[in-house]
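Engineer: The primary structure of each chain is shown beneath.
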Amino acid sequence: MAITPPTERIWWNLPIAKVELAWIIIAFVWGLIMFFMMVYWHGAGEQNLSNEAYRITPEQFAAKTNAMVEQYTVRDESGYAVVHPPAGSDVYLIARLWQWWPIIEMEKGQSYRVHLSSMDWQHGFSLQPINVNLSVHPGYEMVVTMTPDATGEFGIVCNEFCGIGHHLMVGKIYVVE
Amino acid sequence: MNATTIFRTCPSTGLKVHSSAEKLIKAHAVAAVVFLAVGGLFGLLVALTRWPTIHLLPADWFYLVLTGHGLDVLLVWIIFFEMAVLYFASAVLLNCRLATPLAAWIGFWMMLIGAAMTNVAVLQGDSSVMFTSYVPMKAAPHFYLGLLLFAVGALIGCFVFFGTLVIAKEEKTYEGSIPLVTFGALTAAIIAVFTIASGAIILLPTFLWSVGLISNIDTLTYKTVWWAMGHSSQQINVSAHVAIWYLIAAMLLGARTISEKVSRMAFLMYILFLQLASAHHLLVEPGISSEWKIFNTSYAMYLAVLGSMVHGMTIPGSIENAQRQRGFNNGLFQWLRKAPWGNPAFAGMFISLILFGFLGGISGVVMGTEQLNLIMHNTLYVPGHFHGTVVAGTTLAFMAVTYLLVPLIFRREIMFKKLAQIQPYLFGLGVAGISVFMMGAGTLGVSRRHWDITFADAIMGFDYPATAYLMLAANGISAVLASLGGIIYVFVVVSSVFFGRKIGANEKVMDIPAPAAVSHYGSATKISIPGTAVLVAVFFISFVLYYFVNWKYLSDVWPLR
Ligand code: HEM
Ligand SMILES: [Cu+2]
Ligand SMILES: [Cu+2]
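Chains as they are written, first to last, in the working numbering: chain A, 1 to 177; chain Y, 1001 to 1561.
These are calculated hints, taken from the structure and not from any lab test. Glycine is no exception: its CB is placed at the ideal position from the N, C-alpha and C atoms. Heads up, a few of these hints could be off.
To be verified - In silico DSBU-like links for lysine-lysine, alpha-carbon gap of 35 Å or less:
| hint | chain 1 | residue 1 | chain 2 | residue 2 |
| --- | --- | --- | --- | --- |
| 1 | A | Lys108 | Y | Lys1338 |
| 2 | Y | Lys1261 | A | Lys18 |
| 3 | Y | Lys1261 | Y | Lys1023 |
| 4 | A | Lys18 | Y | Lys1338 |
| 5 | Y | Lys1552 | Y | Lys1016 |
| 6 | Y | Lys1138 | A | Lys64 |
| 7 | Y | Lys1169 | A | Lys18 |
| 8 | Y | Lys1502 | Y | Lys1169 |
| 9 | Y | Lys1508 | Y | Lys1417 |
| 10 | Y | Lys1023 | Y | Lys1502 |
| 11 | Y | Lys1016 | Y | Lys1502 |
| 12 | Y | Lys1169 | Y | Lys1261 |
| 13 | Y | Lys1418 | Y | Lys1508 |
| 14 | Y | Lys1338 | Y | Lys1261 |
| 15 | Y | Lys1418 | Y | Lys1023 |
As the list claims (entries may be wrong) - Just a few of them, taken from the derived set where beta-carbon distance is under 7 Å, the chain A residues facing chain Y:
| hint | residue |
| --- | --- |
| 16 | Thr4 |
| 17 | Glu20 |
| 18 | Val29 |
| 19 | Gly43 |
| 20 | Ala44 |
| 21 | Glu46 |
| 22 | Ser50 |
| 23 | Val69 |
| 24 | Gln71 |
| 25 | Met119 |
| 26 | Asn131 |
| 27 | Leu134 |
| 28 | Gly152 |
| 29 | Gly155 |
When you get a sec, could you build the whole thing from the sequences and use the hints?
Structural biologist: The structure is reproduced here in structure tokens:
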């Protein structure tokens, strides 16, 4: 029994039951399939997380964001600049206690290199209702190329706990034709 | 040492029980239950706050209580109980004296003081940083200090366990190899040493940083090392609760594992492969290569998952085999129908096994897939998943074994037997609900650790679909059920331990059935467990379907490169 020493002293030489062996093989093959699925998706799938990231200071990142905002702001909305950078360009999004800044307007079907970094603590970029979730760190700039495939208004919810204002930290992305 | 005065012989099992070991097991179990009670109450408050129509606590209290909940249940309850399991699986099962009881007591007090210190820090209100305490969010210094004390105390406990194994071997208190349950506990203890070392490596500098001696801690390094502790500690839990599944199946039904070799290999997989799998907590972090992520989540994780899938067959299989030998041979499932469902130890164990596999196991593998993590990371799906593993799995298994520990170690009869009987069902149902509905809300994008999904006070908001609100309400109702189950558990156990009828020194409280004859040489290949094979097939089909459904979900989101 499991609470007493094995009765067969040489238990490691006993044969393995057929059902058990079959299950081990099935489970192992399933593991292989799941492994190749990830590799396969890197080639064939459209949703893969980029590995592109750089070390950066909050000041440097803020400077790049400000340059973009100065150049491409199209209007103002509840105190937030709304920027409309050209299709295919680099877009910067600042995460800080407790806002996503600025509001970004993109064109449907176009690709953008979205740069994410934090000015202070860790934050979580959670694009809704698409439900894409990324971690945003201070000191690291992550670059993700996104291609919005539907128009509308999208929310950016912070989903990494960042203190008492965590639930107030919501940003916006517009996708237009 | 005078061996005759410090041992008693257990009339039910025939095991020699060292009185110091017994006292330590009691102390750790009692401390565990106290923290479960506190932490479980916190959990209820959290769930009621996340239920939008009730929205019980204000924001600051919500984050405070959530921090306390994670710490008290995930760390304190589980690790205290695990220490009791380690001492039981070494000293008691091996008929041995416990190595250095004094050191074990020092470890106990360090854990207790540490846990209390961290709780005080949290309740003082300036350490609402969640149990992950990601830098640069800062808690009070005694928050980290308490955790460090707790960890070192637990480490001492692990070494007392190892020492006991050595003594047992030298004094030849058992013959041949250690029992499977002890082997499982050994797995847990080895992983614990690795885990606690990682914890110390990251918490020590964090403590120094909190008192101003270190100026900066890199956020990504912190997360990586923190999860080397945070993830492998989950593997301690799995090893420990799987060992308990085997223990309960053996004590109640005489079940004997189909193959010692396979079961032990499966435990070994946990040690060999799970440490690196902590990568699955880092799948959407910046600057970590896909190659590294895939390697660590597949090579490392799937082989450990293989270990769990093997136990998932061998445990019901050994029960089926034992029951069939007892004559429950009709059809596929008579063995299961005629199992002792009225015994809370068995019911708890079996429900724990099923929920762990179907809810916690499948969702864990899905979420740990590199690309699929993109649509789940940090949503409520995550707590949904681990309430399937660590609550429905580990916690329920620990509750189940308590119904055996109270008569055997505390030597008190369980009181309120009827209440005890329904407890595993009530708790299991509630936790299954918590798990499923949080996963449901997470699939709809609801964030974890979030006070207000209506964003009433935010400058800009976002409207979640009505189903998300429904999920949170259903989660709240399930939380009430689970809490009732938790309260009954604490009530029954505490009353029995203090007021239950004392069991006489020579009184038998249970008959350990004669072991089922399985692994005698030659018979192993002929073993027949068709019912278990069907259960496993159902599990496997659900797994495969659910896995590919999630790839379908992923393929619908914006293209990302
Ligand atoms: C009555 C029983 C319980 C209820 C009602 C409950 C409910 C909850 C809820 C609603 C959350 C919050 C999710 C969020 O907003 O992010 C949560 C988080 C959590 N629960 Fe439980 N829970 C219970 C028992 C347990 C037990 C026994 C454990 C561990 C063994 C546990 C471990 C955790 C952990 C680790 C978290 C995450 C905390 C964090 O995100 O920092 N829970 N629980
Ligand atoms: Cu944030
Ligand atoms: Cu946040």
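Engineer: Could you check if Gly43(A) really has its C-beta closer than 7 Å to a C-beta on chain Y?
Structural biologist: violated (12 Å)
Engineer: Take the C-alpha atoms of Lys1502(Y) and Lys1169(Y), compute the straight-line distance between them, and say whether it is at most 35 Å.
Structural biologist: With a Cα-Cα distance of about 34 Å, the restraint between Lys1502(Y) and Lys1169(Y) holds, given a limit of 35 Å.
Engineer: Quick check on Val69(A) please, does its C-beta sit within 7 Å of some C-beta on chain Y?
Structural biologist: For Val69(A), the interface hint is violated, since the closest Cβ of chain Y sits about 17 Å away, which is over 7 Å.
Engineer: With the threshold set at 35 Å, check whether the alpha-carbon distance from Lys1418(Y) to Lys1023(Y) stays at or below it.
Structural biologist: Between Lys1418(Y) and Lys1023(Y) the Cα gap is close to 28 Å, so the pair holds against 35 Å.
Engineer: Given Gln71(A) as an interface hint, is its Cβ closer than 7 Å to any Cβ of chain Y?
Structural biologist: violated (23 Å)
Engineer: Decide if the proposed pair is consistent with the structure: Lys1508(Y) and Lys1417(Y), CA atoms, cutoff 35 Å inclusive.
Structural biologist: holds (18 Å)
Engineer: Is the hinted pair Lys1016(Y) and Lys1502(Y) satisfied, with a Cα-Cα distance of at most 35 Å?
Structural biologist: holds (19 Å)
Engineer: Would the pair Lys1261(Y) and Lys18(A) pass a check requiring their Cα atoms to be no farther apart than 35 Å?
Structural biologist: Roughly 14 Å between the alpha carbons, so the hint for Lys1261(Y) and Lys18(A) holds.
Engineer: So, Glu20(A) near chain Y? Judge it on the closest CB pair being under 7 Å.
Structural biologist: Holds - the Cβ of Glu20(A) comes within 7 Å of chain Y, reaching about 6 Å at its closest.
Engineer: Just to be careful, I want the Cα atoms of Lys1552(Y) and Lys1016(Y) compared with a cutoff of 35 Å; is the pair within it?
Structural biologist: violated (57 Å)
Engineer: Should the hint that Gly152(A) touches chain Y count as held when the rule is a Cβ pair under 7 Å?
Structural biologist: With a minimum Cβ separation of about 12 Å from chain Y (threshold 7 Å), the hint on Gly152(A) is violated.
Engineer: Let's test the interface hint: is any C-beta of chain Y closer than 7 Å to that of Ser50(A)?
Structural biologist: Since the shortest Cβ distance to chain Y is 6 Å, the answer is holds.
Violated hints, in rising order: 1, 5, 18, 19, 20, 23, 24, 25 and 28; the structure is consistent with all others.
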